Amino acid sequence: MNFTDIDSIADTDTITQSESHQISPESCAQRARSDLRNAALVDAEQRNLHLTLHPLNQRPITVLTRSIREAFVDICESIKFKRPGYCLMADFRVGKSTSLSMILQKLPEVLPNTAFCLISAQSHTQVTERNFWGDVVMAMGLAVRGTAQERKNLVRSAVIAACTEVSGRHFVLLIDEGQSWTQREFTWLRDLANQLREQDGYLMTTVIMGDLRLPELSVEFQSNRKDLWARFLTKPKPFFGIRNLEDLKFFLNELDSSQRCEYPAGSGISYTEFFLPKAFDQGWRLRNEAAALWDAFERAAKNVNREAENIGMQWVGEAVTRYLTSHMHVDCAHFSPEANAWDLAVEQACFVDSLI
Amino acid sequence: MSIPTLGKAIWRSEWEVPGESAYSLKAKFMQANGVTPSQLSRILRTSAVNSVDIANRRAINNLAVQFGPVATRIKGRDCGPDLSMGHAYVCQEQLRYCGACMATGFHAAIAQRRYLSHCPIHDEPLHTTCLNCGAGTPFYSRVVRSAPPSFHCASCNAPFGGKGPVDGNLAAWRRPTSLSKLTEFVGALEKAWKKYHSFNSQWWGRTLPPAMDTDDGCEDAVFKALQILESIPGAVPASAANDVTVLGPVTVAFNRSRDWFGPDEYQELLGSLPATEEESRYWDSFCCASFGTYVPIDASVPIDFHAKLLWRWQFEKLDLRYLFPGRPQPDSPLLELVGHGPWTHYYLADCQPFWEAFGAAVWVAARRIAEHWHEFLLSVGRIAPSSHVMPRQLFENPGWLSRLGNWRKRGFFPVGILCSGSADDEEDLDVYFLIA
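Protein chains in written order, with my numbering: chain L, 1 to 356; chain E, 1001 to 1436.
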């Protein structure tokens, strides 16, 4: 060996050492991601733990649907144009509350200078102003005390504080179960909105979500209290679960997406991949099962002489979870479920019960 | 949910600024949450509840529990360094405010300290009265049986900030724009105060600048001295403290064998007494003031002669027997000066270089007092002892009573001490003398 060779070896060693000491942030992230994937997909003990905590096994399941997206766009428009109120109505178990909380989470990203608060309207056998403001104060996470006037002032302070926090002058109150309130409650809310606008210079928009009794309230206001009707309940827009195959495809596509439906966080594993990693690796996707699932819902509905329209998210979510869970043990590269697998999942989700 | 809360209270993190006082925190908490003074008092009186028995509904609904996190933050506020170490009740007193701060719903805790004359943030003067009607400001910390904490005058309702209403106007409450000035100032002051500790609170309480017969004068002098020693940024001291001189340092070595301050050293200390013939020459130009001290009554008396007398009066009752540890506690001026603090004082009392420097510092102070008295005589002409001019003029300026008198009677000693280093850590001490 001559000196040139020794030098070249020394140089190589130096390069290798310097490379091993300089770990880039990207490679760190990659390693962390790889560790997470291993824990979630390979390590049996960890996988069991992750399975228990998986978002599809928790309630509510917060996955975007087309209806939520449409409602979100409508609500954004109402807020943007400073409309006094926006109203949504939906059937039972469609996912009203979940969608409202998902919308609430997303709104600040789109409208950073607007303050938001979500409350759940409550009905009382004896409606008093003190009770009403007590409910609002409690929903805002504040200590409930004092007279009706004091509670109202507290709500007013909270609205101003929230607006100041986001450097804005627009407050959006999202009201779930809006059908629980009567004329009296809406009148008190109107008074507060007026006070905020006239005395303090703040604007309030209400977004009301209610069940199918909301149109009745709207009609009642239209005839008796035009002021309340025009402000809060002009025309309740319908809010749906899964209406058709396209809706279902959209929903299932979300579950396939590791960007929006990722678990564990930072692993790059989509909800679908978590349950069927080998099949997913070979290109199997839940969205391709949309037609099969829709058919299963239709068949189930037909069996009781009904039609599958506006399927509640409770049954869709449960059917998908059951399907994925029941096939975990048969996950393989060439995954091919049994023909009636979706029918079974829909049946186990008790979808038919919702139609009767 | 974008309602900003802390515990169960409406609370924005923006409303709580480093260096902010309990006063403005209370005002904002009360106004935002509709809390009454008596409720606030009850909330602040209740000690922090760390865990709540969930079966105890009454406890859960208790205001003190619901507002506990905010109450803890209010209670955790202090008013910055107490430079006199003898004036801990500053927070019980009237509000001192800066108009520009109050206009944003902010009050700096350090503004409550009377050694500051101007706001460290805005350089505006600090007030204790309403600029609109002249009524006094509310008490700083009392909330019951007093006007509740607010940003306006309780008498005429004018905002202290002078602009639009701040009370109840949640959107107007914001951080002062140059908050870093306050943070830097308080940080530098605390650091300096940690480095230089004053000796004896009692002694300090007696070391008053001219025309200030209160503890605040002492704080003013210490503050000014710290500014001279450490160049603290962006603070205007109380105007009366401008005439503070800092002498030193004298380094006192901890591990050195003791230089006992014995009779010989004491005689040396007293060695510059006026000669007998000098005394007899000017004795006719002296009279005994009503407070029992002789003062020159015409300007023909040399300043130095008067200064020598003043210097001697500070030490003349010294009884050396009591300088030595282990003896009964005396009625001795020097031990009274150094004997009420930590044992470091005894350590200093034994140290020859300390006494030499101390004697020199007292001489500078005595000379300054004599100069001021001489200027006073020149301004009023000869004082006729038989008339009532002298007592009246003296009493009109209470500073003279303290400065010319015997310190033991009047509670005034013209020299104070700041000390850097810690004898507890067996470090050398750097001793500075303050003359105010």
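In short, the hints are calculated from the structure, not lab data. Don't take each hint at face value.
As the list claims (entries may be wrong) - What follows is a set of in silico ranges between Cβ atoms, one per label pair, in the way DEER data are often shown:
{"#": "1", "chain 1": "E", "residue 1": "1131", "chain 2": "L", "residue 2": "130", "range": "52 to 58 angstroms"}
{"#": "2", "chain 1": "L", "residue 1": "108", "chain 2": "E", "residue 2": "1233", "range": "37 to 43 angstroms"}
{"#": "3", "chain 1": "E", "residue 1": "1038", "chain 2": "L", "residue 2": "237", "range": "32 to 38 angstroms"}
{"#": "4", "chain 1": "E", "residue 1": "1075", "chain 2": "L", "residue 2": "81", "range": "33 to 39 angstroms"}
{"#": "5", "chain 1": "E", "residue 1": "1233", "chain 2": "L", "residue 2": "147", "range": "49 to 55 angstroms"}
To be verified - Negatives, chain L to chain E, calculated, CB over 12 angstroms:
{"#": "6", "residue": "73"}
{"#": "7", "residue": "76"}
{"#": "8", "residue": "108"}
{"#": "9", "residue": "115"}
{"#": "10", "residue": "145"}
{"#": "11", "residue": "149"}
{"#": "12", "residue": "150"}
{"#": "13", "residue": "151"}
{"#": "14", "residue": "165"}
{"#": "15", "residue": "200"}
{"#": "16", "residue": "299"}
{"#": "17", "residue": "350"}
{"#": "18", "residue": "353"}
Fair warning: this is a prediction, and the values are worked out from it, not measured in the lab. For glycine and all other residues, C-beta sits at the position ideal for the given N, C-alpha and C.
Can you give the numbers of the hints that this structure goes against, from lowest to highest? 1, 3, 4, 8, 9, 10, 11, 12, 13, 14 and 15
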